[in-house]
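Next come the chains, spelled out residue by residue.
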Amino acid sequence: MKLIKTVLLAGLSILSLCSHAQVNKQIEIRSELASPIVMQNSQEKNYLKISLTGHEFESAKRVPINLAIVIDRSGSMQGDRIVKAKEAAIFAINMLNENDTLSVVAYDNDAKVIIPSTKVNNKQKLISLIKENIVADGGTALFAGLSKGIHQVEKQLSKDNVNRIILLSDGQANIGPTSVQELSELAIIAAKKNISVSTFGIGEDYNELLMSSIASYSDGNHVFVNDSLDLENVFVREFKDVMSTVAQHVKINIYLKDGVKPVRLLGRDGIIKDNQVTVTMNQIYSNQEKYILLEVEQPQGKVGEEKTIAEIDLVYDNLLDKKTQKEKQSVKLAYTDNPEAVKKALRQDVVTEIEIQEVNENSVKALELYNKGDRKAAQKILEDNSYRLEAVADMYPEYANRVKDDMQWNKKMAADAVNDNGNEKAYRKEMAEKQQNTKLGVIKK
Amino acid sequence: MKKLAVILSCIIFVMALSYLGWRSIEHEVLMRQYQQRTLAQSRLENIKSSIESLLNQRSVYFISLIQLLEKGVGTFDNLLQSQSDIKNAFEIRHNNIVYISNSNDLQWVKFVESIKYDNAILISPNSSNELSQPTSGWYQSYDHLIFWSKQGNIIKGFELSTIKFALDIIRLFEDQSIDDNFSLYDGSKQIYVHGQSTMNNINVMLDYPLQNWQLTYYYSSPNFVTFYWLGGGILFLFIVLVIGIVCYVYREYTRAIRLAKQQVSFVGQVSHEFKTPLTNITLYSEMLKEQLTDEPFPVPEYLDVITSESQRLTRLVQNVLNLNKPAKQNFKAVNLTLLIERVYQTFNPVLKTKSLQLNLILNSNKNHTIFTDEDSVMQIISNFLSNAEKYAVDGKKVDLSLTTNDKQTIITVRDYGRGIPKHLLKKIFNPFYRINSSITEGVSGTGIGLTIANQLAQQLQGTIKVTNENPGTAFSLILTEHVHEDFNR
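Residue numbers (our numbering), protein chains in the order written: chain A, 1 to 445; chain B, 1 to 489.
Derived by calculation from the structure, the hints in this document are not laboratory data. Keep in mind the model is a prediction, meaning the values are calculated, not measured. All C-beta atoms in this analysis are idealised placements derived from N, C-alpha and C, irrespective of residue type, glycine included. Just so you know, not all the hints are guaranteed correct.
Said to hold, decoys possible - Pairs of lysine to aspartate or glutamate, EDC-like flavour, derived with a Cα cap of 16 Å:
#: 1; chain 1: A; residue 1: Lys112; chain 2: B; residue 2: Asp180
#: 2; chain 1: A; residue 1: Lys411; chain 2: A; residue 2: Asp384
#: 3; chain 1: A; residue 1: Lys112; chain 2: B; residue 2: Asp179
#: 4; chain 1: A; residue 1: Lys411; chain 2: A; residue 2: Glu398
#: 5; chain 1: A; residue 1: Lys193; chain 2: B; residue 2: Asp168
#: 6; chain 1: B; residue 1: Lys164; chain 2: A; residue 2: Glu154
#: 7; chain 1: A; residue 1: Lys439; chain 2: A; residue 2: Glu361
#: 8; chain 1: B; residue 1: Lys352; chain 2: B; residue 2: Asp375
#: 9; chain 1: B; residue 1: Lys189; chain 2: A; residue 2: Glu182
#: 10; chain 1: A; residue 1: Lys155; chain 2: B; residue 2: Asp168
#: 11; chain 1: A; residue 1: Lys251; chain 2: A; residue 2: Glu154
#: 12; chain 1: B; residue 1: Lys164; chain 2: A; residue 2: Asp384
#: 13; chain 1: A; residue 1: Lys119; chain 2: A; residue 2: Asp80
#: 14; chain 1: A; residue 1: Lys192; chain 2: B; residue 2: Asp143
#: 15; chain 1: A; residue 1: Lys193; chain 2: B; residue 2: Asp143
#: 16; chain 1: A; residue 1: Lys155; chain 2: B; residue 2: Glu309
#: 17; chain 1: B; residue 1: Lys110; chain 2: B; residue 2: Asp77
#: 18; chain 1: A; residue 1: Lys328; chain 2: A; residue 2: Asp317
#: 19; chain 1: A; residue 1: Lys192; chain 2: B; residue 2: Asp85
#: 20; chain 1: B; residue 1: Lys48; chain 2: B; residue 2: Asp207
#: 21; chain 1: A; residue 1: Lys192; chain 2: B; residue 2: Asp175
#: 22; chain 1: B; residue 1: Lys289; chain 2: B; residue 2: Glu309
#: 23; chain 1: A; residue 1: Lys328; chain 2: A; residue 2: Glu305
#: 24; chain 1: A; residue 1: Lys112; chain 2: B; residue 2: Asp85
#: 25; chain 1: A; residue 1: Lys273; chain 2: B; residue 2: Asp77
#: 26; chain 1: B; residue 1: Lys48; chain 2: B; residue 2: Asp168
What the hints assert, rightly or not - Computed far set for chain A versus chain B, every beta-carbon distance over 10 Å:
#: 27; residue: Ser147
#: 28; residue: His151
#: 29; residue: Glu185
#: 30; residue: Lys257
#: 31; residue: Ile271
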């Protein structure tokens with residue numbers, strides 16, 4: 001009897017270990033539970049991780065880009081900042097080729113289209129247009145600027161392009177709709193049109209909540225550019241991402257079976273309704289993994305039972321093959337009474353990500369306390385974060401590298417929280433940037 | 001006097017002209033302003049209706065979405081996810097909320113509940129016609145703008161995303177690339193701004209359900225300062241031109257008069273110069289005549305000719321001088337009867353030498369006396385007789401008559417000569433004018449005799465009348481009776 005059980009167990013472990021992992025030449029999709037095998041009467045939470053990973057491809061064959069650069073040319077941008085912004089825009093032109101589409105919108109009291117959506121043929125002309133028309137003076141009509149950027153990208157909107165907006169700002173939006181909620185709504189509209197907005201905040205005076213929300217809702221990057229000298233490098237990284245896009249418009253539908261209840265999404269957000277969870281991702285880059293984490297309440301089961309707890313529907317545009325691809329996966333849960341089996345089957349990588357996301361949520365709370373003035377409490381949370389990640393590194397040495405940076409970062413921010421000589425504004429922005437980027441659930445390969 | 005009148009009328013004319021000119025400039029400016037304003041008004045209306053038609057497009061779109069729902073194609077959730085125009089949605093059946101999106105948003109839930117409790121609030125704002133019951137429409141309250149559709153007891157509603165709508169408005173005007181300047185505000189929140197704001201603007205509020213949105217149109221008025229300067233300048237130039245023309249014409253007119261005066265004064269001056277040597281010639285010729293009375297023919301005859309000719313020349317010069325200088329008058333009671341008789345006595349022999357018989361006709365009482373200047377009368381009559389002697393020799397006789405009646409005294413010299421052409425009767429009084437005919441050719445004359453006579457007659461407050469008698473001509477001096485104290489005394 002015991003032998004049969006062990007064999008069965010082993011077999012089941014192997015089976016459940018092979019939770020569907022479709023290996024595509026370019027895009028690898030995995031859906032797995034943190035604990036694929038659980039104790040039969042377990043009341044513990046379980047987590048479902050669905051990840052898409054892009055693999056390397058030849059850069060000569062890269063996908064055409066449809067880009068709008070939306071530049072803040074308000075009075076506060078005068079001096080170095082506007083110079084660097086212009087240089088960065090010119091740099092962008094030089095990085096593109098005649099298959100790409102570029103438009104430039106500049107906003108102050110009003111938004112003006114400097115370069116309407118056009119193929120990057122006559123680089124000299126585009127560069128001179130930028131040099132002439134981007135002069136800093138006036139207010140910040142961010143809504144109008146972003147709106148016009150969206151329109152310009154829309155003109156050449158195509159599933160075969162990577163559609164992106166880069167939004168630069170150094171201040172507070174003060175003309176037009178200015179609230180976080182309104183601009184987030186706009187970002188959602190952009191996302192629905194398959195356009196991501198990456199936001200670069202320059203200096204210490206921009207509204208970090210606003211900028212990071214825009215990026216968050218449209219699945220773009222958010223970068224804190226403390227020194228305008230860094231702007232060009234930031235553009236380099238952004239372009240590297242954009243030029244390495246392998247898939248777009250990813251839509252993940254998770255149908256949870258009877259008895260399974262969705263609790264919440266960690267990190268990347270989505271829509272939970274009854275038994276259905278929907279998450280969208282805008283772009284998948286090569287050499288990068290993007291994942292979602294869903295916390296679920298699992299049903300109880302009998303030993304030896306294996307249940308399908310979730311059906312997953314994926315739709316995405318494969319940019320290299322230039323077609324829409326669909327995929328179905330299902331996730332099974334097995335029951336046992338052997339704690340060893342449970343432990344063995346535990347997916348350490350998933351657990352690591354869970355820890356990273358929960359630590360991130362804590363740091364959001366820490367920032368709230370910091371803003372209220374309770375710096376000691378903020379410090380404590382961040383220190384606890386670093387200890388927690390340290391523990392993870394110890395427990396799962398294979399993934400120690402994954403948590404190393406975050407651990408050190410939390411330690412540093414803990415110290416900075418109570419540092420009287422510290423720069424409050426910069427601190428907030430660093431926190432916001434990190435939180436936003438962690439939330440996206442990205443692992444660089 | 002005349003000059004003053006001319007200047008005055010000129011000033012009045014200029015003032016009237018400048019007033020009229022200024023008014024028309026003002027009128028032009030006003031008209032342009034009005035045009036600008038009207039244009040701005042129509043552009044504003046255009047923009048307003050573009051925005052409102054955009055909203056109408058949404059309502060048409062929403063109606064089609066609702067029809068899809070009724071057909072069972074798609075669900076509320078689908079639509080919410082895919083349509084960025086829809087921010088929220090709800091469905092009410094038989095006064096129960098069967099579907100509501102975003103149930104975490106308490107304010108939204110309250111809003112939908114208020115519709116559940118009283119459906120009528122959906123209709124009351126729009127309805128202009130109480131008879132027709134609309135089955136769909138817009139409803140705006142607080143921050144929510146919804147499109148509802150009612151079928152029996154089922155109400156479906158979509159909340160329009162104002163952010164998406166603002167995005168569409170921005171796209172609409174961006175693509176149109178219009179030259180207008182305008183701004184669109186929801187209360188104090190700016191929705192869209194196009195172009196520059198200027199001082200001149202007109203506002204309008206949009207219609208329900210966007211009744212909180214204000215559309216302001218900016219327009220610039222053309223530079224009226226330069227317009228006024230330009231208009232004023234042209235007006236000024238015009239007036240200067242008119243004044244110039246008037247001055248020129250006036251100058252030309254006075255020049256003619258001046259010229260005539262110059263001529264006359266020149267002649268006068270020249271004649272004055274002649275006077276002294278003439279006096280000498282006359283004097284010495286007379287003295288010589290006395291010395292040489294005993295000389296044989298033809299010496300005394302020759303002397304006679306010299307004397308009479310120099311006398312005649314002296315008379316001539318005297319006449320010309322008299323023309324310039326009006327003679328000093330000496331009014332007194334003059335016995336005209338005696339005067340006429342004296343004249344008769346003087347001229348009778350002179351006329352006789354020319355075979356002219358002088359007849360004296362007196363038609364008045366023996367001593368007809370009036371108050372006048374004796375010398376002037378004498379000169380006038382002498383002139384008449386002199387003319388008759390020169391030009392009416394053919395007639396063989398000349399009548400000199402004095403006629404009086406109640407009011408007038410008329411002295412007439414009538415000849416029986418060839419007469420004067422009717423159209424020249426006035427001209428002969430012009431200075432230096434002599435009729436160009438066979439009569440005058442051989443005769444020496446100055447042409448100023450009658451001119452002087454006329455002048456003198458005017459000074460006497462009388463007139464000279466010329467009539468053609470058949471045969472001959474009659475020259476009459478008509479004097480009116482002056483009732484004067486001295487005379488009465």
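- Checking against the hints above, which ones are violated? 4, 8, 11, 12, 13, 14, 15, 16, 17, 21, 23, 24, 27, 28, 29, 31
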